[in-house]
Amino acid sequence: MDPKPRSDDLGNPRVALFVTCLVDAMRPQVGFASMALLDSAGCRVEVPVAQTCCGQPALNSGDRSGARRLAQATIALLEPYEFVVAPSGSCAATIRLHYPELFIEEDPWLARATALAARTHELMSFLVDVRGWSPRGVALDASATYHDSCSGLRELNVQSQPRRLLAAVDRLALRPLQDSTTCCGFGGTFCVKYAAISNAIVGEKVRNIQAAGADLLLGGDLGCLMNMAGKLHRGGSKVRVFHAAELLAGMGTGPAIGEVP
Amino acid sequence: MSAVKKPLGFNARVQAALADPTLKIAIDRTIGNARTKRAAAMAQWPQFPAARELGRDIKDHVIAHLDHYLVKFERNARRSGAAVHWACSGAEACEIVVDICRKAGARSVTRSKSMLGEEIGLPHALQEAGIERVETDLAEHIIQLAGDPPSHIVWPAMHKTREQVAELFHRHHHTPLPLDTVENMVASARRELRSRFLAADVGISGANFLIADSGAVCTVTNEGNAELTTTLPRVHIVTAGIEKLVPSTAHAMAMLRLLVRSATGAEFTQYTTFHCGPKRSGDLDGPAEFHIVLVDGGRTRMLAEGLADMLRCIRCGACMNHCVVYRQIGGHAYGSTYPGPLGSVLTPLLQGLPQSADLPRACTLNGQCQEVCPVAIPLPTLLRGWRDRAWSTGIESVTARWALGLWGFVALRPALYRLASAWAVRVMSLFARDGWIARMPLAGGWTHYRDLPQPPKRTFMAQYRRRRARS
Amino acid sequence: MSAARGTILTAIRAALAHRRGGLAEPDEAGIAAEAELLRARVVSTRPDRLEDGAQSAFLRRLVSPGVGATAESVAQLADFPAAVRRYLTAQGLRPSVALQPHPELRALDWSGIETHAQISADEPAAVGLALGAIAETGTLVFHSSPASPTLFAFLPAHHIVAVEAARIWRWLEDYADAFADGVQPRNVNLITGASGTTDIEGALVRGAHGPGRLHVVLVGGAARDSNH
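Residue numbers (our numbering), protein chains in the order written: chain W, 1 to 261; chain Y, 1 to 471; chain X, 1 to 228.
Take these hints with a grain of salt, some might be off.
[As the list claims (entries may be wrong)] Restraint-style ranges between C-beta atoms, simulated for each label pair:
no.	chain 1	residue 1	chain 2	residue 2	range
1	W	170	Y	50	37 to 43 Å
2	X	19	W	170	54 to 60 Å
3	W	168	Y	19	45 to 51 Å
4	X	182	W	207	53 to 59 Å
[Unchecked claim] On the chain X side, residues computed to face chain Y include the following (Cβ under 7 Å):
no.	residue
5	8
6	64
7	65
8	201
Calculated directly from the structure, the hints in this document are not laboratory data. Glycine included, each C-beta is placed from N, C-alpha and C at the ideal position.
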């Protein structure tokens with residue numbers, strides 16, 4: 001039905017980049033950084049141009065049939081590839097953990113979802129755990145602190161990998177973030193549906209970020225990063241926010257979130 | 001709880017909570033302390049993951065054979081001389097309790113802490129029956145004097161400052177001791193309540209565990225009030241949810257190791273007591289009558305409707321202590337006997353989903369609750385289940401359905417999606433200044449509190465296609 | 001009432017049958033076997049503890065800040081009254097105690113201390129003899145009986161308790177197993193330290209309703225630590 005996923009002649013895996021709707025609309029640099037990193041890790045990166053959204057908004061709102069429709073479209077689009085990589089813990093977790101839950105046992109889509117799930121990864125965990133890759137010759141004179149986004153952390157065990165990668169960036173000083181594993185209050189539609197609560201949560205997160213005393217805030221999920229960056233900026237903070245992929249790809253000298261190039 | 005009027009909706013209660021700096025101080029102090037202590041206790045227990053799996057399995061085993069264990073418990077409890085009553089609903093349970101009190105000619109009843117008692121509205125039922133109710137757990141005593149509902153399942157009076165407590169005791173204690181220190185306040189409560197313990201005709205307690213093979217009821221407390229409540233009066237009544245069963249005392253010990261550390265970070269509470277039947281021949285103290293009221297109150301529905309995992313809950317409170325939402329809004333905002341993640345799962349069942357649909361939604365699904373739960377309840381999954389039910393039964397708002405429907409429609413059509421996203425980033429940029437959007441129609445929820453970073457001139461996909469076209 | 005019983009059990013059985021999807025419910029022996037397997041797993045889930053023997057571990061936990069009792073050791077039960085006298089003097093209490101009506105306590109020489117069998121609601125001090133203790137948690141064990149009324153452990157402000165070193169169980173389950181086949185007492189009190197509360201601003205205060213002070217006198221502790 002669909003072509004068997006296979007590497008090219010050099011043994012480099014065909015990897016589909018699932019760029020995510022937030023990166024697509026709000027920060028393309030993250031997409032290009034991801035491509036550069038995957039390329040550097042010996043992958044043949046392709047960007048299926050028909051990709052749109054993994055369906056998380058529908059899933060989290062309880063609209064299972066809407067989520068299922070988007071899942072089917074996404075599975076059909078991505079299953080020809082050997083791997084699927086997303087620069088987002090929440091989107092990768094949606095495909096990896098939640099897609100199979102959308103289909104009942106008798107549904108042939110279940111096998112397809114399960115097969116795709118096994119080949120879908122968050123970007124930084126893919127680089128470390130699957131490709132054994134490390135940045136080389138990347139440097140940045142700055143201090144940074146890292147926020148652990150909840151989906152990546154708790155659903156996909158992404159915690160040590162970003163730190164290992166960032167530790168290999170020359171002259172980048174990593175500072176610990178108090179309560180780095182505590183939610184930032186983004187939660188998808190939560191941050192607008194329950195905005196006052198979200199604000200209180202991110203307010204506490206921002207106080208911890210400022211107390212860390214680092215130049216930069218880094219993370220692996222753009223939604224969380226935008227939430228924290230937006231609150232930091234509203235409060236007049238000078239902390240600059242990047243997706244970790246950008247730094248790893250040597251793009252840390254470019255404009256941070258919200259900075260005009 | 002049912003006696004307390006809740007005229008405000010969830011959002012209004014949240015607003016009130018967020019606007020209360022005293023509440024925030026109280027929450028941070030109590031909950032922060034609980035988290036720190038729990039973390040310290042778990043750091044000294046490397047076997048916790050294995051113990052947690054065992055706790056989960058013990059509870060799952062009991063749930064899978066719940067009828068068997070209920071019957072076994074009833075048989076053994078009866079054998080010890082206890083009277084066992086069954087109640088389908090909370091109201092029925094209250095009727096049974098009031099009936100026992102009436103038959104005993106009770107004018108005054110002492111109570112030790114029982115969340116189930118709150119859940120079924122027992123305080124209100126006793127009041128309606130003209131029976132004086134004396135709360136003896138210090139926190140419950142405080143909130144009884146204040147007329148407040150509980151705000152946490154382990155520290156129900158956490159929302160009160162010492163000044164507020166001193167003021168309550170000054171007003172209500174018959175001969176209050178000086179109330180300048182917390183020690184003196186506790187001493188005043190001890191003195192005030194001592195005579196009430198002695199005067200009570202009936203003592204009502206909850207149960208942390210029901211021991212099937214002995215018919216004993218286990219209570220886990222710190223103050224000693226549970227024992228005074230259940231030993232001094234002539235009648236002892238236990239109200240317990242049917243899910244509280246464990247097979248034996250040894251199994252209870254495994255659960256106790258998990259419960260106490262998860263709740264307070266201690267290893268064992270001061271008083272772990274197993275109550276089994278009334279006074280025996282030769283006993284110098286103890287109740288002449290021992291009644292156990294087994295309450296369903298929706299638990300069989302949980303079993304039938306995909307919420308069986310929630311029946312594992314041992315009410316430790318760790319989930320709410322680690323919930324970023326609870327930590328900001330406190331317990332009263334939930335408008336239910338049970339706050340926090342466990343409350344957000346239970347309340348739609350107890351109150352009905354239309355009345356409480358905000359609770360499963362007001363959650364970031366971050367999963368820390370599940371991570372700390374000592375019986376590994378998949379709380380985010382259960383909350384998602386309520387969201388699914390809200391959607392499929394049409395509770396979700398029209399605006400939300402419309403917006404999501406539109407998003408889904410566009411997302412299934414890549415060409416249309418590309419057009420729409422290209423258009424959206426251009427429109428959004430109209431509201432931007434120096435890289436940020438401070439205000440934008442339809443984005444009020446975001447921009448009221450935060451700035452929104454300006455989107456790029458062209459989306460990733462547009463840029464990618466252009467680069468590809470060039471090469 | 002009995003209608004509710006039938007309704008509840010029927011509903012449970014229906015829900016469980018549905019969950020089992022047609023598989024038969026195990027019989028009583030099968031359920032008991034499952035429960036036993038679970039119980040056996042406890043051994044591998046216990047915290048690291050008790051390397052130095054039950055007695056030392058018990059004493060150590062007893063006086064740890066989390067438990068907050070005080071403790072001393074005497075060679076034999078005959079030395080207990082003297083320990084009580086010392087405690088009362090040190091605490092500035094009158095030499096007058098409620099004495100738990102246990103024959104072994106009654107048989108001791110209480111000269112110099114007024115003892116009475118009736119405990120009052122505001123009893124300053126009560127003297128007791130625990131059935132045993134649990135080392136893992138620093139816990140005293142009381143089983144209610146004519147010789148051991150419950151209220152002796154809960155009414156007084158000071159509770160002074162003797163416990164024999166030979167009757168210290170190592171783990172919580174060891175205590176449970178020791179009585180698994182017997183008749184369940186009316187009241188089992190596992191007492192770990194003095195009464196306390198953190199209900200007002202999280203500040204720990206001792207003596208909320210139960211005794212504010214617990215003093216344990218370990219009897220017959222040997223150089224060789226005792227184990228059960």
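Status of the hints after comparison with the structure:
For the hinted restraint 37 to 43 Å between residue 170(W) and residue 50(Y), the CB-CB distance of approximately 42 Å keeps it satisfied. Taking 54 to 60 Å as the suggested C-beta distance range, the pair residue 19(X) and residue 170(W) conforms, at roughly 57 Å. Checked against the hint of 45 to 51 Å, the C-beta distance between residue 168(W) and residue 19(Y) comes to roughly 47 Å, which is consistent with it. The beta-carbon spacing between residue 182(X) and residue 207(W), approximately 58 Å, falls within the hinted interval of 53 to 59 Å.
Interface hint status for residue 8(X): upheld, as the beta-carbon distance to the closest one in chain Y is roughly 5 Å, under 7 Å. Taking 7 Å as the C-beta contact cut-off toward chain Y, the hint placing residue 64(X) at the interface is violated, the least distance being around 9 Å. With a least beta-carbon distance of about 11 Å to chain Y, the hint placing residue 65(X) at the interface is violated under the 7 Å criterion. Because the closest C-beta pair between residue 201(X) and chain Y is about 5 Å apart, less than 7 Å, the hint holds.
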